[in-house]
Amino acid sequence: MTLDGFEHDKAARIVAVDWAMLAGDEGKRLKALGVDEGTEVAVVHRGIFGTRDPLAVRIGRMTIALRRSHALAIEVEPA
Amino acid sequence: MSRHDPVKTRTAALVGNPNAGKSALFNALTGARQKIANYPGVTVERKAGRLTLPSGDSVELIDLPGSYSFDAASPDEEVTRKVVHGEFAGESIPDVIVLVVDAANLEQHLVFAQEVLELGRPTVIALNMIDLAERDGLTLDPAALSEALGVPVVPTVAVRRRGLAELAEAIADAEAHADEDAHKRWHITLPERRLAAKHIARAAILSKSARHTVENGIDRVLLNPWVGPVILFGLLFVIFQAVFAWATPFADALEDGVGAISGVVSASLPSGFVHDFLVEGVLAGVGSVVVFLPQIVILFFFILLMEASGYMARAAFLMDRLMAGVGLSGKSFIPLLSSFACAIPGIMATRSIPDPKDRLTTILVAPLMTCSARLPVYAVIIAAVIPQTTIGPGVGLQGLVLFALYIAGIVGAMVVALVLRHTVTSGAASGFIMEMPRYQLPRLKDLAIGLWQRAWVFLRRAGTIIFVVTIALWLMLSFPKAEPGESQMDASVAGMIADGLHPVLEPIGFNREMSLALVPAMAAREVAVSALATTYAVDAEDEDLAAEGVTDRIAELWSLPTALAFLAWFVFAPQCISTIAVARRETNGWKWPAFMVAYLFALAYVFAGLTFWIATALGL
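Those protein sequences? They're chains A and L, same order as listed.
When we follow the numbering used here, the leftmost residue of the first sequence carries the number 1, and every step to the right adds one.
When we follow the numbering used here, the leftmost residue of the second sequence carries the number 80, and every step to the right adds one.
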């Protein structure tokens, strides 16, 4: 299951990231923010009705914003 | 080797993740006396100040751009990496590194912290915002952290000045050993660092209550898909009201002040070249720009407030979807919002956009946002030709036209962005990745310092670029001198340029006075108003006519289609030398500013023409 489809407010563990799906420096920037295999995350907010884009994701005590296109590249399992 | 080598100033550098509270700590340590410049060759701000050590000596403290890693992803991060590695030409390697970490976010911030510590430079850690960590239910052990990392750790709360003396003392201690050979540590990989960060953070946390963070609660409201946008637009409405309502008395006072100075100069100087130069050239020109200072200060007050409180990142989050529709991201929202005050700070704010294509597109459309310099033009023309009727409860026709002009600018910017993203700035869909900082009560002193810096940049510009351009235009308007019976405008170089321009502008409904006004308005849009005023005053046949205001003369002499065409022209026309200059600096060349000027003039011409022809056809 990808992070995009994962339940709200539930802890998830990243099992794999498809870095090839991310353009340019995006992979580098996500990695710098702590998005990587093994990290525990939770989707805490989603954007405007309809598209539900972007996502606010909690990593540890930090919240980051990313787009659905990024969340689709992040494979997760329940933590 | 003498430690107190008088030639070389000792330097300390603040390094840390973005949102670690670095700038607040920098302000608290150095006070308001800061030097702001650009690093040579890059458009990254270099902030430096003086920190007095307990011994009475002082060091230069530099605030380096926030970084997540030395594997730089943005020009800002690249500067930080080069400076701390001693690879930045003209910048000496800092003698002491002050590593700022967010106490409530240790696990994340310790990842980059380890990378910095691997350099083996004399380092002191400021365990910052320890009060927010306590608010979140964390109790920390600085001694354990210091033990694990092998460097001094000082708990600080920059905004309450807690721990500052201790930090200065630790910096002085580290500085005393700055000449010892650096002992580099083993480099470890990112996953290893992450694991180590986790262990060190856990060991430093004494207790942790399960209390919910304040953030989540506030975000549930402010990021709610339905309520969030309503709150954001409500806030924007309040900001625009404030910019126009609150600024008026201050702008009037400034205008009166400039008028008073003009009066004094007029009275004390004999008429002649020097008199005209000072009154008509310098005071009228620079004065007409300085009156926008209140609006710019008020808008920046709100922007700084949104930034310091952490709300700006939420605004970007809410706007991202909308911006994605035209190929931009939420990060472009902040520069475009600033552009409503003035495109110059707006274009400078694009530095926070990491994607180069995104950034370029934002720079190219920023001049379409209705800046405060257009307001005098709009106000005068609307007052002259639009009747003061109401077309609904509380809705006046004049206000509606003004609103429509703002909307025209926004819609224009969106359409242009969409077109550019599919043509000249096409590339991979830009992403939106950003940290959402924790909410914080902004401190008045930090806001005041930020506002002062913005105001100073604006005034310095008025005193340099605008000053020079104004003088050049005044000379063009004043020479050669008119023969008796001939108007000065007709005889001048500017008048000749206007004559050359008029055949081009006639088809879109512009009369000769308008063509003339556009020449000096190249310096700044609002100059168009004073240029029209001068023309009509000079050309007036008798005293009564000369005493009439420019608004009355326009109402008499311009047809409605002509006036509307003039308004449409100013929605698009890039008539601001300073904007073009700043676009050149930010894009490192003339190519993009040239493109910007060309496409904006083309749009201005086409839309002014369409407005004129349609209005004429409708019989207005």
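Hints were generated in silico from the structure; no laboratory data involved.
No residue lacks a Cβ here, since even glycine has one placed at the ideal position from N, Cα and C.
Each hint should be verified, as a subset may be incorrect.
[To be verified] SDA-like, lysine to any residue: derived pairs with alpha carbons at most 20 Å apart:
1. A:LYS31 to L:ARG299
2. A:LYS31 to L:LYS287
3. L:LYS287 to A:LYS28
4. A:LYS31 to L:PHE149
5. A:LYS10 to L:PRO154
6. A:LYS28 to L:ARG160
7. L:LYS277 to A:ARG61
8. A:LYS28 to L:ILE297
9. L:LYS277 to A:ALA11
10. A:LYS31 to L:ARG663
11. A:LYS10 to L:GLU157
12. A:LYS28 to L:LEU554
13. A:LYS28 to L:ALA151
14. A:LYS28 to L:ILE267
15. L:LYS277 to A:THR39
16. A:LYS31 to L:ILE297
17. A:LYS10 to L:PRO472
18. L:LYS436 to A:ARG61
19. A:LYS28 to L:PRO586
20. A:LYS10 to L:ILE297
[Unchecked claim] Computed list of chain L residues with no C-beta within reach of chain A, every gap over 12 Å:
21. GLU139
22. ALA152
23. GLU186
24. LEU217
25. LEU274
26. MET385
27. PHE396
28. ALA403
29. ALA463
30. VAL572
31. TRP692
Here's how the hints hold up against the structure:
Of the pairs offered as hints, the one joining LYS31 (chain A) and ARG299 (chain L) is violated, with about 26 Å between alpha carbons and a cut-off of 20 Å exceeded. The suggested pairing of LYS31 (chain A) with LYS287 (chain L) is violated, with an alpha-carbon distance near 27 Å, which exceeds 20 Å. Taking the CA atoms of LYS287 (chain L) and LYS28 (chain A), the gap is near 31 Å; set against the 20 Å cutoff, the hint is violated. Distance restraint check for LYS31 (chain A) and PHE149 (chain L): the Cα-Cα separation of roughly 12 Å lies within the 20 Å cut-off, and the hinted pair is therefore satisfied.
With a C-alpha separation of about 36 Å, the suggested pair LYS10 (chain A) and PRO154 (chain L) falls outside the 20 Å cut-off, and the hint is violated. Distance restraint check for LYS28 (chain A) and ARG160 (chain L): the Cα-Cα separation of roughly 16 Å lies within the 20 Å cut-off, and the hinted pair is therefore satisfied. Taken as a hint, the LYS277 (chain L) and ARG61 (chain A) pair is honoured in the structure, with Cα atoms around 12 Å apart against an allowance of 20 Å. Our distance criterion of 20 Å between C-alpha atoms is broken by LYS28 (chain A) and ILE297 (chain L), whose separation comes to about 30 Å.
At most 20 Å may separate the alpha-carbon atoms for a hinted pair to count; LYS277 (chain L) and ALA11 (chain A) meet this at roughly 17 Å. Between LYS31 (chain A) and ARG663 (chain L) the alpha-carbon distance is near 33 Å, which puts this suggested pair outside the 20 Å criterion. Pair hint LYS10 (chain A) plus GLU157 (chain L) does not hold up; C-alpha atoms about 36 Å apart against a cutoff of 20 Å. Between LYS28 (chain A) and LEU554 (chain L) the CA atoms are separated by roughly 54 Å; this puts the pair beyond 20 Å, and the hint is violated.
Restraint check for LYS28 (chain A) and ALA151 (chain L): the C-alpha separation of about 9 Å stays at or below 20 Å, so the hint holds. Note on LYS28 (chain A) and ILE267 (chain L): the hinted pairing holds, with a Cα-Cα distance of about 17 Å set against a maximum of 20 Å. A C-alpha spacing of about 11 Å is found between LYS277 (chain L) and THR39 (chain A), which places the hinted pair at or below 20 Å, so the restraint holds. Taken as a hint, the LYS31 (chain A) and ILE297 (chain L) pair is broken in the structure, with Cα atoms around 27 Å apart against an allowance of 20 Å.
Annotation: proposed proximity of LYS10 (chain A) to PRO472 (chain L) is violated, straight-line Cα distance about 50 Å (limit 20 Å). Distance check on the hinted pair: LYS436 (chain L) and ARG61 (chain A) sit about 32 Å apart at the alpha-carbon level, beyond 20 Å; violated. Annotation: proposed proximity of LYS28 (chain A) to PRO586 (chain L) is violated, straight-line Cα distance about 54 Å (limit 20 Å). Simply put, LYS10 (chain A) and ILE297 (chain L) have alpha-carbon atoms about 19 Å apart, close enough for the 20 Å limit, and the pair holds.
Separation of GLU139 (chain L) from chain A is adequate, the least Cβ-Cβ distance of about 29 Å exceeding the 12 Å criterion. With a cut of 12 Å on Cβ distances, ALA152 (chain L) falls inside the contact zone with chain A, its closest approach being about 5 Å. Some Cβ of chain A comes within 12 Å of the Cβ of GLU186 (chain L); the nearest lies about 5 Å off, and the non-interface call is violated. LEU217 (chain L), annotated as away from the interface, has a beta carbon of chain A within 12 Å; the closest lies near 8 Å.
With a least CB separation of 9 Å from chain A, LEU274 (chain L) falls inside the 12 Å interface cut-off, contrary to its annotation. Every beta carbon of chain A lies more than 12 Å from that of MET385 (chain L), the smallest distance being close to 16 Å; the non-interface claim holds. At the 12 Å boundary, the C-beta of PHE396 (chain L) falls inside the reach of chain A, the nearest C-beta of that chain being 5 Å off. Not every C-beta of chain A lies more than 12 Å from that of ALA403 (chain L), the closest at about 7 Å, which undercuts listing it as non-interface.
Chain A leaves ALA463 (chain L) outside its interface by the beta-carbon criterion, the shortest separation being 41 Å against a cut-off of 12 Å. The beta carbon of VAL572 (chain L) sits about 50 Å from the closest Cβ of chain A, which is more than 12 Å, so the claim that it is off the interface holds. The beta carbon of TRP692 (chain L) is kept farther than 12 Å from every beta carbon of chain A, the shortest such distance being approximately 39 Å.
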